[in-house]
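Residues per chain are reported as follows:
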Amino acid sequence: MVIIRHVAAALLVILGVSLAVFVLTHVIPGDPVEVMLGERASTADRAALAKAYGLDRPLTAQMVDYYQGLLKLDLGESLFQHRPVVELISERLAATVELAGAAMAVALVVALVLGLVSAWYARTWVDQGARVLSLLGVSIPNFWLGPLLILFGSVYLGWFPVSGRDGLSSLVLPAITLGTALAAIVARMLRNSLLEIAEADFVRTARAKGLGEWTILWRHSLRNALLPVVTLVGLQIGAILGGAVIVETVFSWPGIGRLTVEAIQSRDYPLVQGCVLLIATIYVLVNLLTDVVYGLIDPRIRLAGS
Amino acid sequence: MWSKIVCGGLLVVVAGLMVGGCDNYADVEETPVIRMGLVQAPSTLDPRYATDAVSNRVCRLLYRGLVDFDDQLRPTPDLASWQVLSPRHYRFTLNDSIPPFSDGRQLTSADVVATYESVLREDSISPHRSGLSVIDRIEQVDDATVDFFLARPDALFPGRLTLSILPATSAALPRLAPDQLIGNGAFKLVSWPAPEQVLLERRRDGQQVELLRVADATVRALKLIRGEIDLVQNDLPSELIGWLRDQPGVKVEQAAGSNYSYLGFNFDDPVSGDPLIREAIALAIDRQAIIDALLGGGARRAESVLPPDHWAGGRGIEPTEYDPQRAAELVAMFRERGGEPTLSYKVSTDALRLRIAAAIKQQLEAVGLTINIESHEWGTFYGDIKAGRFQLYSLAWVGIKMPDIFRYLFHSTAIPPEGANRGRFNAAQVDQLIAQAEGATMAEQGELYAQLQQQLADHRPYVSLWYENHTLVARRTLTGYPLSRDGNYDGLMVAQKMTMNSEGARRP
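Sequence lines, in order, name chains A and B.
In terms of our numbering, the first sequence is residues 1 to 306.
In terms of our numbering, the second sequence is residues 307 to 814.
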């Protein structure tokens, strides 16, 4: 029942987003007809092209078409590439999933290590060092970190290609760039969460039973400390996808982020709508998944839900 | 249990990335392919629908048109030479030595007719249709001869026939798949595997050229240094060009260009429409200082839309010299008349254009003007400019070849959407000269357009800033790439790349 309620809410959000995207893409300044024909086209030619693409029809009529297509999972045809939007998105989706997944993996591993070490050596110079690293990770913008990593990783060390998507080696730098901010946030969250739990009764009991500090940390504290981390990671999926727009541009990574930017620049309405809708859907689904994972990590939530 | 599985999985992924990802890229593979970095990928390679500069430049490599332009931008025969049989009747005869299409078929006048008719069809959505609207009908005389009949006399007509010629079989199709993109240009299309990657082959010697989109300027520069691309033409900010000039293995070359940067005024506005203010602004801007400081010296000062080396360029126009004292006097006169010399200055979000706007603002404020810079995303900025919602703005005209641009920019009837007279400029003498020039022969037009440009320099609907140079930044292994004045990629037709042979010596 709880899951059905969550799914219904998610569908409502997606519907709202699709409506907002449709309206916004049509009201922002800029005209796809002008992008296609150039500024020097005659008024008659502009009118003819607008008619050919149905852009001269009332907004409500275009909206009805859009939703009818959406029900059939048909997002229309790109105005510029003359190919189905679904086809264009599916070509790019794998690249973005690959990048986001790798960034997430990098972020979580770094965050786990940094968070655990910070908590273990709490209030020492090690903790302070980790804090500085986290602060840097959050503060450095992707558009600066990316070229910096390229300069060292590619130009000076020669370990990775500068940009492009060509095998595992080309994934490393964009994944680090995209995952750095998330790693920093999660590391601080994990460290604080672990320190809070260190004062809990069950930890004191475990210690009284004679368990070693490392066993307590790894087997008892970490599991409980992960709960807020899972929430945070779920919420950060949106940030990862948003950050992918910049990282994909810097690293010439052929993903959804770049496709979205290109579509916005050319006012390719169907493609913009398709891309934004996809990103919103992923965001909503990940949040839904977060709720489910909550239940897996904390049995009390599962019980309360049922 | 779950935390162990998750942590273990994450560790495996990251270890895989680090171990498998670390490769030795210290020596980038020496490929004989010439790789060119582009800021933007071509949106289409069907010449009938190409509007953006990159698409047009790549199409130029794949196809040829009936007419091209010489150094002074006069129309000159390419595939065909022409005769003017009457002011409304032009005969084009295909040259004897035309290379065949890349699929081996010979280009004939039937292909010419089919290409032009596919653009001029009622249901055509080609952006080139408006520019060819002067054509009334086309007739094939024989395999090598085509007659064009015009709806009205047009002395500049040959210059309008630059459309790339497709085989008749391709021209019959509304859209072309990559394997149907067949031309008789210097290159043939090998593959177009992704929108941002195009592979071409030079027909003369089989040299392959890969065009790669690299959106970020810094990354383009770093790829050049690493040897992952061999050249970038323009598309790099001046500070990066200055840095690249000092890098080993990289060379920088520049050549004069014709892309015209200007400040535009709104004549309907009481401040920017006042001649005192326009004159003051023209005198207050130290163009050379901006060129030196922000463009790395890579531009020449402009006095008119067409450069002086254009056949119809404004050669006799007296240069506007930097005179802040006189500018301050003019602003003071405007104040004495009760005017408040405050202007909003609209500019796009491009970083270099913003820096230039900041420098101009500083110079204008030094003579007593108050300038508020408003920077907007391109769609909003451009929409405002076309709608006349501005006092002052800066933009550039790119790739202007024909003097009929003056009607489009300055005729009183050319208010958007009918033209690009965005400042609502209206001068009867200018309208008259435009009409007079259009009715004259090409020989007479040179003088009439020179007079027209002098008139425009007096009225100042624009303050001319500069023509930016074209810049080639390339690996030293790339040789023989000449820069063209309109920024096309024709240099790829002759460029050579030196690669290392087995003995470690460079060879072409």
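Since the hints were derived computationally from the structure, they do not count as laboratory data.
Don't take every hint at face value.
[Stated by the list, open to error] Calculated pairs, EDC-like style, for lysine to aspartate or glutamate (alpha carbon to alpha carbon, straight line, at most 16 Å): (1) K692/B - E39/A; (2) K51/A - E428/B; (3) K707/B - D429/B; (4) K692/B - E87/A; (5) K51/A - D796/B; (6) K494/B - E516/B; (7) K51/A - D31/A; (8) K692/B - D65/A; (9) K557/B - D575/B; (10) K72/A - D56/A; (11) K692/B - D575/B; (12) K707/B - E428/B; (13) K667/B - E680/B; (14) K494/B - D796/B; (15) K707/B - D575/B.
[Said to hold, decoys possible] Taking beta-carbon pairs under 10 Å as the criterion, some of the chain B residues facing chain A (in silico): (16) E428; (17) S436; (18) R661; (19) A664; (20) S718; (21) T719.
Glycine included, each C-beta is placed from N, C-alpha and C at the ideal position.
Now for the hints, and whether the structure bears them out:
A distance of roughly 10 Å separates the Cα atoms of K692/B and E39/A; the hinted pair therefore holds under the 16 Å criterion. Note on K51/A and E428/B: the hinted pairing holds, with a Cα-Cα distance of about 13 Å set against a maximum of 16 Å. Taking the CA atoms of K707/B and D429/B, the gap is near 28 Å; set against the 16 Å cutoff, the hint is violated. With a CA separation close to 35 Å, the supplied pair K692/B and E87/A exceeds the 16 Å bound.
Distance restraint check for K51/A and D796/B: the Cα-Cα separation of roughly 37 Å exceeds the 16 Å cut-off, and the hinted pair is therefore not satisfied. In summary, the hint linking K494/B to E516/B is supported, as the alpha carbons are separated by about 12 Å, within the 16 Å threshold. For the hint linking K51/A to D31/A, the alpha-carbon distance of about 13 Å falls within 16 Å, and the restraint holds. A C-alpha spacing of about 31 Å is found between K692/B and D65/A, which places the hinted pair above 16 Å, so the restraint is violated.
For the given pair, K557/B sits about 47 Å from D575/B by alpha-carbon distance, which is inconsistent with the 16 Å threshold. In summary, the hint linking K72/A to D56/A is not supported, as the alpha carbons are separated by about 24 Å, beyond the 16 Å threshold. Taken as a hint, the K692/B and D575/B pair is honoured in the structure, with Cα atoms around 15 Å apart against an allowance of 16 Å. The hinted pair formed by K707/B and E428/B fails the criterion: a straight-line CA distance of about 27 Å is larger than 16 Å.
With a CA separation close to 11 Å, the supplied pair K667/B and E680/B stays within the 16 Å bound. A C-alpha spacing of about 14 Å is found between K494/B and D796/B, which places the hinted pair at or below 16 Å, so the restraint holds. Between the alpha carbons of K707/B and D575/B the distance comes to roughly 31 Å, so the proposed pair goes past 16 Å and is violated. Among the interface hints, the one on E428/B holds; its C-beta lies about 9 Å from the nearest C-beta in chain A, closer than the 10 Å criterion.
Given hint, S436/B at the interface with chain A, holds; its Cβ is 4 Å from that chain's nearest Cβ, closer than 10 Å. Interface restraint check: R661/B against chain A, minimum CB-CB distance 17 Å, threshold 10 Å, status violated. Restraint check, A664/B versus chain A: the minimum CB separation of about 21 Å is more than 10 Å; hint violated. Taking 10 Å as the C-beta cut-off, the interface hint given for S718/B is violated, the closest approach to chain A being about 17 Å.
Evaluation of the T719/B hint against chain A yields a violated restraint, the C-beta minimum of about 13 Å exceeding 10 Å.
Hints 3, 4, 5, 8, 9, 10, 12, 15, 18, 19, 20, 21 from the list above are not met by this structure, while the remaining hints are.
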